[in-house]
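Participant: Each chain, letter by letter, is given below.
Number of protein chains: 6
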Amino acid sequence: MPIVHIHMYEGRTVEQKRELVKRVTEAIVETVDTKPEAVHIVIHDMARHDYGDGGKLGCDA
Amino acid sequence: MPIVHIHMYEGRTVEQKRELVKRVTEAIVETVDTKPEAVHIVIHDMARHDYGDGGKLGCDA
Amino acid sequence: MPIVHIHMYEGRTVEQKRELVKRVTEAIVETVDTKPEAVHIVIHDMARHDYGDGGKLGCDA
Amino acid sequence: MPIVHIHMYEGRTVEQKRELVKRVTEAIVETVDTKPEAVHIVIHDMARHDYGDGGKLGCDA
Amino acid sequence: MPIVHIHMYEGRTVEQKRELVKRVTEAIVETVDTKPEAVHIVIHDMARHDYGDGGKLGCDA
Amino acid sequence: MPIVHIHMYEGRTVEQKRELVKRVTEAIVETVDTKPEAVHIVIHDMARHDYGDGGKLGCDA
Numbered sequence: 001m002p003i004v005h006i007h008m009y010e011g012r013t014v015e016q017k018r019e020l021v022k023r024v025t026e027a028i029v030e031t032v033d034t035k036p037e038a039v040h041i042v043i044h045d046m047a048r049h050d051y052g053d054g055g056k057l058g059c060d061a
Numbered sequence: 001m002p003i004v005h006i007h008m009y010e011g012r013t014v015e016q017k018r019e020l021v022k023r024v025t026e027a028i029v030e031t032v033d034t035k036p037e038a039v040h041i042v043i044h045d046m047a048r049h050d051y052g053d054g055g056k057l058g059c060d061a
Numbered sequence: 001m002p003i004v005h006i007h008m009y010e011g012r013t014v015e016q017k018r019e020l021v022k023r024v025t026e027a028i029v030e031t032v033d034t035k036p037e038a039v040h041i042v043i044h045d046m047a048r049h050d051y052g053d054g055g056k057l058g059c060d061a
Numbered sequence: 001m002p003i004v005h006i007h008m009y010e011g012r013t014v015e016q017k018r019e020l021v022k023r024v025t026e027a028i029v030e031t032v033d034t035k036p037e038a039v040h041i042v043i044h045d046m047a048r049h050d051y052g053d054g055g056k057l058g059c060d061a
Numbered sequence: 001m002p003i004v005h006i007h008m009y010e011g012r013t014v015e016q017k018r019e020l021v022k023r024v025t026e027a028i029v030e031t032v033d034t035k036p037e038a039v040h041i042v043i044h045d046m047a048r049h050d051y052g053d054g055g056k057l058g059c060d061a
Numbered sequence: 001m002p003i004v005h006i007h008m009y010e011g012r013t014v015e016q017k018r019e020l021v022k023r024v025t026e027a028i029v030e031t032v033d034t035k036p037e038a039v040h041i042v043i044h045d046m047a048r049h050d051y052g053d054g055g056k057l058g059c060d061a
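If you read the protein sequences in the order shown, they are chains A, B, C, D, E and F.
Residue numbers for the first sequence follow the working numbering, so the first one is 1 and each next one is one higher.
Residue numbers for the second sequence follow the working numbering, so the first one is 1 and each next one is one higher.
Residue numbers for the third sequence follow the working numbering, so the first one is 1 and each next one is one higher.
Residue numbers for the fourth sequence follow the working numbering, so the first one is 1 and each next one is one higher.
Residue numbers for the fifth sequence follow the working numbering, so the first one is 1 and each next one is one higher.
Residue numbers for the sixth sequence follow the working numbering, so the first one is 1 and each next one is one higher.
Hints in this document: simulated from the structure, not taken from any laboratory.
Small disclaimer: the values here were computed from a predicted structure and weren't measured.
Check before you lean on any hint, since a few could be wrong.
Since the list gives no way to pick one copy over another, a pair counts as held whenever it fits inside one copy or between any two copies.
[To be verified] Below, in silico cross-link-like pairs of lysine to aspartate or glutamate (DMTMM-like), each with a Cα-Cα straight-line distance of 20 Å or less:
no. : residue 1 : residue 2
1   : K35       : E19
2   : K56       : E19
3   : K22       : E10
4   : K56       : D33
5   : K56       : D45
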């Protein structure tokens, strides 16, 4: 704890996810007074046809 | 905001998801007084062996 | 199944939530070919200081 | 209701998931006084590069 | 990891939640080959007017 | 999109949440190539009796 879920479009590389997890963990540790090993992050990749914004699919935007 | 997550069995077509996002967005806008562009929907496809109901997997039901 | 989670600002009345659940369920049933009794919806109320958009809290927007 | 989401590393067999759903449902029914048919469980498989712990990806640990 | 979210009606006692967390953790450890300290469980209480089933709120059922 | 959910113990101030949302948004924008206004963050406060780790409630740890 904290438990974090990040939902984003698929296509990011493992290197981008490595940096994402490192940087989001730092941001949490520095602002809400917790330890890095307490931060758990789950990344959920989404296809563009699995996201809707303003009533439209991402693949149609 | 509102943020919506919909978990359902895989197999729906992109056309069905397009209609789903359109209709769910309308339903939210008309009932809780928000704007379409504020409604964000994430669709999560599930395999039938990744859902359990009454202690049984969906693929065994 | 489908399982739906809706996160929105607190302050909606029970009557609005009743209508929301009725209308979202209909939208799902009519677009992805399922039965009303298979649709489960969880509503999560949020305070305006528990939502961030563009790096800013909702209570500051 | 209860609605349960379980996020875990991919690689478990369908037989393991079958047993997981059976056992978690029993654990819930016996501790919080509900019926098996009210327990809905969604299993989310994760790749090791989609999980972060202590600022590091699971695939680097 | 595993990360578990349980959404259920409010009203359970801390003693029931203590037993729930103990028993669900055991069920996971024994079925998917992981260690107890890797299992993280978040319990989400819901009011009966924040759950919908078959198009109806839980408080109306 | 990205959609982010952060579950953490209750007790953080609005000022801490303001800084959390600002810093996590920056971390995401700088690592996965998106715009700040596309980042939506929901903060979920938890009581210590609503979190389990290693089979034990947070309030007993």
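Participant: Against each hint, give a clear statement of whether it holds in the structure.
Facilitator: Now for the hints, and whether the structure bears them out:
1. In this assembly of identical chains, the alpha carbons of K35 and E19 lie at most 20 Å apart whether taken from the same copy (18 Å) or from different copies (17 Å).
2. Within a single copy, K56 and E19 get their C-alpha atoms only as close as 30 Å, which misses the 20 Å cut-off; across copies the closest is 9 Å, which meets it.
3. In this assembly of identical chains, K22 and E10 lie within 20 Å of each other by CA distance solely inside one copy; the values are 19 Å within and 22 Å between copies.
4. Proximity of K56 to D33 under the C-alpha cut-off of 20 Å is restricted to the inter-copy arrangement: shortest distance 19 Å between copies versus 39 Å within a copy.
5. With identical chains, the CA atoms of K56 and D45 are at most 20 Å apart both within one copy (19 Å) and between copies (18 Å).
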